[in-house]
Amino acid sequence: MEKSTDTSLYLRVSEQDKAALEELYDRYEKILFSFLYKMLEDRGLAEEVLQEVFIKIWRGKGVYDESKGKFSSWLFRMAQNTAIDLIRKQKKPTVPIEEASQMVSNDEPVVEQVVWQEKKTQIEMAVQHLSAEQQKMIDLFYFKGHTHETIADMCDIPLGTVKSRIRLALKKLKISLHGLQERGAYDD
Amino acid sequence: MTNIDCDYLVDYLNGTLSEKENKEFEQHLMTCSECQEIVEATGQLPYLADPVEPPTDMKARILSNVFDETVEQNDQPKALKPAMSPIPIHKKRRKENVWKPLLAAVLLMSLLGNGYAFYQLSDQPAGTETAIQSIELQPNEAFTGTATAAMIEEEGLLNLVVQADQLAELEASQVYQVWLIKDGKPIPAGAFSPNPNGEGASYYQLETTSKEWDTIAITLEPKTGNELPEGQIVLSSEI
Numbered sequence: 001m002e003k004s005t006d007t008s009l010y011l012r013v014s015e016q017d018k019a020a021l022e023e024l025y026d027r028y029e030k031i032l033f034s035f036l037y038k039m040l041e042d043r044g045l046a047e048e049v050l051q052e053v054f055i056k057i058w059r060g061k062g063v064y065d066e067s068k069g070k071f072s073s074w075l076f077r078m079a080q081n082t083a084i085d086l087i088r089k090q091k092k093p094t095v096p097i098e099e100a101s102q103m104v105s106n107d108e109p110v111v112e113q114v115v116w117q118e119k120k121t122q123i124e125m126a127v128q129h130l131s132a133e134q135q136k137m138i139d140l141f142y143f144k145g146h147t148h149e150t151i152a153d154m155c156d157i158p159l160g161t162v163k164s165r166i167r168l169a170l171k172k173l174k175i176s177l178h179g180l181q182e183r184g185a186y187d188d
Numbered sequence: 001m002t003n004i005d006c007d008y009l010v011d012y013l014n015g016t017l018s019e020k021e022n023k024e025f026e027q028h029l030m031t032c033s034e035c036q037e038i039v040e041a042t043g044q045l046p047y048l049a050d051p052v053e054p055p056t057d058m059k060a061r062i063l064s065n066v067f068d069e070t071v072e073q074n075d076q077p078k079a080l081k082p083a084m085s086p087i088p089i090h091k092k093r094r095k096e097n098v099w100k101p102l103l104a105a106v107l108l109m110s111l112l113g114n115g116y117a118f119y120q121l122s123d124q125p126a127g128t129e130t131a132i133q134s135i136e137l138q139p140n141e142a143f144t145g146t147a148t149a150a151m152i153e154e155e156g157l158l159n160l161v162v163q164a165d166q167l168a169e170l171e172a173s174q175v176y177q178v179w180l181i182k183d184g185k186p187i188p189a190g191a192f193s194p195n196p197n198g199e200g201a202s203y204y205q206l207e208t209t210s211k212e213w214d215t216i217a218i219t220l221e222p223k224t225g226n227e228l229p230e231g232q233i234v235l236s237s238e239i
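Quick mapping for you: the protein sequence lines, in order, are chains Y and U.
Note that the numbering used here numbers the first sequence so that position 43 is 43, with each residue one more than the last.
Note that the numbering used here numbers the second sequence so that position 203 is 203, with each residue one more than the last.
Bound conformation, chain U alone (with noise of 0.2 Å):
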């Protein structure tokens, strides 16, 4: 038997129930109609928002500090997880620039020049993860940012990372683009705008697999979303 009724919705709502009374509330929803419709209509308050444009590198840094935590968090035992405490807001991370590790890492296996060296300094198993070639970018004329790029195969398929910093703020509808030049045919892969410290990432899955490019070039665009370049060149070399 329990005591929760309609009259704990909005403190369900507002999320502050504890964890029991949150169960007990909803099993009472399984039961209440009006309730339901309630909660039910409240979802679609979100539709008020006027849109808002997303960054254009956010899912990227997203999607690799999400997968990322999984990680960290398979190398805890279990017994240490704690079940249900709350997710702490991971400010500082944010900040760091998410390839900053991985860029290292490939860093140091172009160093060792060697493949084997990988899977020994690696908890990965062995191929699943391979970097191939990383490249410095050249700043072009009065350019000042600089720029890394690095190829990844990962399962079967090839991944561009590029990280940039020192990178003046752009205006509200401009975009750094990337792009793999094969016989002055350019495809775009991936884009990004800088943090207020000047830093930008991208990360693009390429549909090929195809290593047989002679330049990669990052441009400053007028919007995003270009298939072919309308802006100039800010760094680039050769691959």
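Here chain Y stands alone, though its shape is the one from the complex (with noise of 0.2 Å):
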């Protein structure tokens, strides 16, 4: 049987379809489990994070879109906003900015799914390609849910800089992993 797509199943959902939920919620479960722990910390508020973007979903708060982009990229999208709403609300204490910057882990986990350990690795070696500078502001920016005005804070520089630099950071990402990808990833 030919596997449905994320939009197929998307749709079916705004349909009231509780298969094609669970059939989505089982597609992201470990992906946004472990996207989610790595931005809170905390197995109890990433499974908050986690039933608040599926309510959402259910009840089609959020609406996707298929000519904006990819249904994950969406969805990720969706759960990092939720997430950094907790982290908000909640002024949960901010990281330590010498820890911050150690972005990529040098462990070497134990991955299950290859697709994860193949986007994985691509991505983590786009993000080497990045200066140390430009890796802390995607991870303030990106994982540790920040406000530009506390990374201008933290950093002590001002805050148009800030959005400027993680703009360049952004892209400059994107050129790095377009270039992985057309040549592919393990060439060097």
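If you are wondering where the hints come from, they were derived from the structure by calculation, not from laboratory data.
It is possible that some hints are incorrect.
[What the hints assert, rightly or not] With the C-beta cut set under 10 Å, the calculated list includes, among others, these residues of chain Y facing chain U:
1. Y25
2. G145
3. H178
[Unchecked claim] Listed below are the simulated BS3-like cross-link pairs for lysine-lysine, each with C-alpha atoms no more than 27 Å apart in a straight line:
4. U:K23 <-> Y:K56
5. Y:K18 <-> Y:K3
6. Y:K119 <-> U:K59
7. Y:K56 <-> Y:K68
8. U:K59 <-> Y:K70
All C-beta atoms, glycine included, are put in the ideal place defined by N, C-alpha and C.
If you follow the hints, you should be able to join the two separate chains into one complex; please do so.
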């Protein structure tokens, strides 16, 4: 039987098909939980946010439009924004800046899913092409949920500079990632 | 005409745009390939996370809460629904055991001993959900935990819901595994690990409609996913 696409599952979910939501859940449970755990460093909070994400999908609060990109990107962005809301509401203590710069793990994780490992390797390589400063910007911005104002305070740089540094870091990440994907991730 | 341009990308990703600005930026995204590509690139960042094993009973908790939310929603007049308000984080909901209301209903039914009463008391249309049996499991030897199991038939499918409490904390890889046994042959029927309050629950949809089990048991397994029990039985009951 042909495997359903994320989009076709999403469309079925919008018609209140429970089985389709369960299938989407199964596809993304582990990556979302791992991502949210990386952001929140708390299994209970990661579960809270994951639940909110699926409530939003089920209720149709978050509307996915295929023309605006991949479903997974949309889903991850919704998860990230929901986690950021929680972080800001709780005023979670910020991670010390020295730790925040350690974005790429040196550990050799046991990865069960080949696809995950491939993507992880690619994105880690792309991140390693960034300067330490740019890595720190992406980590503080993307994974730690800090506002531009907080990052400006933490790094003692003007607000406008924070924004342009994040954009430049993301732009460079995109270019590195494209380069790696075009010539195959394991050439070097 | 809109003033929203590439400068808003970072705010868009950070979820700090107003609803109107967000829509305007999404219009901008349709025409700006560079912003599109950056947004897609960030869609791969979550894969930087090291894999973390979710709790075995998280799926049952989350999906039941998600579908439960819908029932609550349907109870409210549509005009009162805040269309775009942020979804609150239900901290208290998660800590409550999601199966308590269901089990309470099942136990009530058991007391009444009359399925008809269920339909009278329930808002559900007749034929969607029928409690068949609820069972108190007995702890073995020195085990202090308690558990209740309920068989529920929903839309022609048989579901087994187990709720346990007063459970000791487990080591990382351990899990409580539910088994249904017939003539000494066990099949796995859900697994759970306790929360910090010592409570755990599992929800399992059986692949068979057979109700002819003779025993239900919970074992303490050294790892998840065992097809046959390795650990000792901690709670059990004849069915």
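Hints, one by one, checked against the model:
Residue-level restraint check for Y25 of chain Y holds (minimum Cβ-Cβ distance to chain U is 7 Å; threshold 10 Å). Evaluation of the G145 of chain Y hint against chain U yields a held restraint, the C-beta minimum of about 8 Å falling below 10 Å. Interface hint status for H178 of chain Y: upheld, as the beta-carbon distance to the closest one in chain U is roughly 7 Å, under 10 Å. Distance check on the hinted pair: K23 of chain U and K56 of chain Y sit about 18 Å apart at the alpha-carbon level, within 27 Å; holds.
Taking the CA atoms of K18 of chain Y and K3 of chain Y, the gap is near 17 Å; set against the 27 Å cutoff, the hint holds. Under the criterion of a C-alpha separation no larger than 27 Å, the hint pairing K119 of chain Y with K59 of chain U is consistent with the structure, at around 25 Å. Between K56 of chain Y and K68 of chain Y the alpha-carbon distance is near 18 Å, which keeps this suggested pair within the 27 Å criterion. Proximity of K59 of chain U to K70 of chain Y is assessed by CA-CA distance (about 24 Å); at most 27 Å being required, the pair is judged to hold.
In terms of the numbered hints stated before, the structure departs from none.
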